[in-house]
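Chemist: In the order they appear, the protein sequences are chains A and B.
Under my numbering, read the first sequence as residues 1 to 319, first letter to last.
Under my numbering, read the second sequence as residues 320 to 638, first letter to last.
Bear in mind the hints are in silico, worked out from the structure with no lab data behind them.
Note that the Cβ used here is the ideal one computed from N, Cα and C, for glycine as well.
Do not take every clue at face value.
Cβ pair distances, simulated, as ranges [to be verified]:
(1) B:E481 with A:A303: 42 to 48 Å
(2) A:P260 with B:P398: 25 to 31 Å
(3) A:S272 with B:A431: 33 to 39 Å
(4) B:A455 with A:S263: 30 to 36 Å
(5) A:R98 with B:V379: 31 to 37 Å
(6) A:E82 with B:E619: 30 to 36 Å
(7) B:A497 with A:R301: 26 to 32 Å
(8) A:D255 with B:P510: 18 to 24 Å
(9) B:A431 with A:S263: 14 to 20 Å
(10) A:A170 with B:G567: 38 to 44 Å
Selected chain B positions facing chain A (Cβ under 10 Å, derived; list incomplete) [claimed, not checked]:
(11) P398
(12) E399
(13) L400
(14) E566
(15) V630
2 protein chains.
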Amino acid sequence: MTFPKPNEVTKVAVVGAGTIGASWAAWFLGRGLTVAVTDPLHGRDQFLHDYVAKAWPALVRIGAAREAEPAFDRLSFSPELEEVLDGASVVQENALERLDLKQSLLARIDAALPPDRLIASSTSGFKASELQQTMAHPERLVIGHPFNPPHLIPLVEVVGGEKTDPSAVAWAMEFYRAVGKHPIHVKKEVPAHISNRLQAALWREAVHLVAEGVGTVEDVDAAIAYGPGLRWALMGPHMIFHLAGGEGGMHHFLDHLGPPMESWWKSLGQPSLTPEVNEALVAGVEAEAGSRSMADLAAERDARLIALLDVLGLARDKA
Amino acid sequence: MTFPKPNEVTKVAVVGAGTIGASWAAWFLGRGLTVAVTDPLHGRDQFLHDYVAKAWPALVRIGAAREAEPAFDRLSFSPELEEVLDGASVVQENALERLDLKQSLLARIDAALPPDRLIASSTSGFKASELQQTMAHPERLVIGHPFNPPHLIPLVEVVGGEKTDPSAVAWAMEFYRAVGKHPIHVKKEVPAHISNRLQAALWREAVHLVAEGVGTVEDVDAAIAYGPGLRWALMGPHMIFHLAGGEGGMHHFLDHLGPPMESWWKSLGQPSLTPEVNEALVAGVEAEAGSRSMADLAAERDARLIALLDVLGLARDKA
Chain A
1 MTFPKPNEVT
11 KVAVVGAGTI
21 GASWAAWFLG
31 RGLTVAVTDP
41 LHGRDQFLHD
51 YVAKAWPALV
61 RIGAAREAEP
71 AFDRLSFSPE
81 LEEVLDGASV
91 VQENALERLD
101 LKQSLLARID
111 AALPPDRLIA
121 SSTSGFKASE
131 LQQTMAHPER
141 LVIGHPFNPP
151 HLIPLVEVVG
161 GEKTDPSAVA
171 WAMEFYRAVG
181 KHPIHVKKEV
191 PAHISNRLQA
201 ALWREAVHLV
211 AEGVGTVEDV
221 DAAIAYGPGL
231 RWALMGPHMI
241 FHLAGGEGGM
251 HHFLDHLGPP
261 MESWWKSLGQ
271 PSLTPEVNEA
281 LVAGVEAEAG
291 SRSMADLAAE
301 RDARLIALLD
311 VLGLARDKA
Chain B
320 MTFPKPNEVT
330 KVAVVGAGTI
340 GASWAAWFLG
350 RGLTVAVTDP
360 LHGRDQFLHD
370 YVAKAWPALV
380 RIGAAREAEP
390 AFDRLSFSPE
400 LEEVLDGASV
410 VQENALERLD
420 LKQSLLARID
430 AALPPDRLIA
440 SSTSGFKASE
450 LQQTMAHPER
460 LVIGHPFNPP
470 HLIPLVEVVG
480 GEKTDPSAVA
490 WAMEFYRAVG
500 KHPIHVKKEV
510 PAHISNRLQA
520 ALWREAVHLV
530 AEGVGTVEDV
540 DAAIAYGPGL
550 RWALMGPHMI
560 FHLAGGEGGM
570 HHFLDHLGPP
580 MESWWKSLGQ
590 PSLTPEVNEA
600 LVAGVEAEAG
610 SRSMADLAAE
620 RDARLIALLD
630 VLGLARDKA
């Protein structure tokens, strides 16, 4: 494929302007690109504008935005899909998670966009092989799965389907890197890609411990946020255990902690989300929230996340 | 039991001065307590002194130490166990993870210490019910399991055994809170308490994804550290999903993401630490480390952890 160079992209089309699409738009805009956004829903133009305005100070704080004020001159919106694709080197699709809807939307994008342009889907639940079935040029379709909110969390999971050209995957990796994200290549199509599988694995045991009365929801949460969660913001689980092995590293760790680890694996729970378990989870998070409203909690999370990204220098490292 | 008030403790005995014991000593010292440390091993006196000196600037930085210089005047060391117990309101035991050794050591502490004083074991692998079998006053034995390194990570898991008096658990919780830790009460004795079970659950899937070739060790690590790991430093997994539900919170989350989550649970892997898998893990972390030595990596982790604790204000919140 004769794509433009990934680090010379100047225009991106963002399809779907819900929270994920609007957040992607804010990020691309911060990184100096021209961004054209489309969404058929009434009012999404205003939502996008407000989202970008609200996100901007954080982008400046973490070193990801170049201008002090939102660069609205480089942001455009149209309800007409074909209009926003004109001149775009990359399309980032963020429609609702419904396969038929995504397939027909991607077929339309595919028909309107020159074949040497990348189409990336933000899907968390579908495989690239499913999404590309209706496309005439499926070789340029990848999954570019961000983590919410995309303008703050660096991770992007890139996955190709059966019909994806390996060069499209390589191009997408380079493009995301060039705009300051941290892309990883998911080498096999598995349910939920990598990161959500890891989240699901952790949460399964978290649900089990609540269901069995080993800890309250609040205590199980604290067991992460005041414990290993503090290290997982710094390094992944493999590297953490490599360091736990001291000078002998992972080798030493496996020699000494491999056997107990395997015995713990055997004792992990396999809960179901029964009505009783669900009720305990809802009551538990409400007790944990106390007098804090959802807005309070979200503001707390975002303020701490921005401070953390700032101190870790994640955006600046990539700029 | 007629314990002294938990917030009026002035002296703590630390039994075992390896990395865990020395780190506990640094924390207690930072919090203004008098600390008496014992270890039969030759050279542990010097190790302790060096550890505290090295840890101190971080304690000052995160707001946990009151004096600018290490308070060595309040720190004493003796190879004689009975000597350091004199006048201590709390004993924090950190011997090697060998049951027979811990049982005989705890029996000696139990015999020498007045029965209205708390004995806490840092054990990660044993149950309180196992440890208290050899004690004449088992009712004052709890597990007070820290996260490494105890002078930086706030979490302490408190677990009582079959013979533990509930008031000893309550006292321990209050004591750890008073000295600025974040204790949680683990209500049932299960292998590995709570936090290490959650770590084990996450790592099992992380190993599976490497073993199956879905991602490299480095990519799986990035899928945490550049993704959900950034949120787990702020809030636990239940609260994160409560917020992911928007205004409808956990209830909405379970309605919409409960079914896919359960289907992902079914697809999670059950790897074994075979020689081949172990080899892949070792090679993977070595590739990820690149030219960075173990010392480089540890320094990187610690510097980032201290910056993170500083910005999150975890120690100051509790001070």
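Chemist: Now tell me, hint by hint, if it's right for this structure.
Modeler: Verification of the supplied hints:
The supplied range of 42 to 48 Å is met by E481 (chain B) and A303 (chain A), whose beta-carbon atoms lie about 44 Å from each other. Range check, P260 (chain A) to P398 (chain B): Cβ separation about 30 Å, and the 25 to 31 Å hint holds. For the pair S272 (chain A) and A431 (chain B), the supplied restraint of 33 to 39 Å is violated, since their beta-carbon distance comes to about 50 Å. The supplied range of 30 to 36 Å is met by A455 (chain B) and S263 (chain A), whose beta-carbon atoms lie about 31 Å from each other.
Range check, R98 (chain A) to V379 (chain B): about 55 Å between beta-carbon atoms, so the 31 to 37 Å window is missed. Restraint check, E82 (chain A) to E619 (chain B): a C-beta distance of roughly 48 Å breaks the suggested window 30 to 36 Å. For A497 (chain B) and R301 (chain A), the Cβ-Cβ distance of about 28 Å falls inside the hinted range of 26 to 32 Å, so the restraint holds. Evaluation of the 18 to 24 Å hint for D255 (chain A) and P510 (chain B) yields a pass: the beta carbon distance comes to about 20 Å.
A431 (chain B) and S263 (chain A) have their C-beta atoms about 34 Å apart, which leaves the hinted 14 to 20 Å range violated. Judged by the Cβ atoms, the range 38 to 44 Å given for A170 (chain A) and G567 (chain B) holds: they are separated by roughly 40 Å. Nearest Cβ of chain A to the Cβ of P398 (chain B): about 24 Å, over the 10 Å cut. The hint is violated. The interface hint given for E399 (chain B) is violated, since its Cβ lies 29 Å from the closest Cβ of chain A, which is over the 10 Å cut-off.
For L400 (chain B), the shortest C-beta to C-beta distance to chain A is roughly 26 Å, which exceeds 10 Å, and the interface hint is violated. For the restraint placing E566 (chain B) at the interface with chain A, the shortest Cβ-Cβ distance is roughly 6 Å, inside the 10 Å limit, so the hint holds. For V630 (chain B), the interface hint holds, since its Cβ comes within 10 Å of a Cβ in chain A; the closest pair sits about 5 Å apart.
Violation of the numbered hints given earlier is confined to hints 3, 5, 6, 9, 11, 12, 13; the remaining hints are satisfied by the structure.
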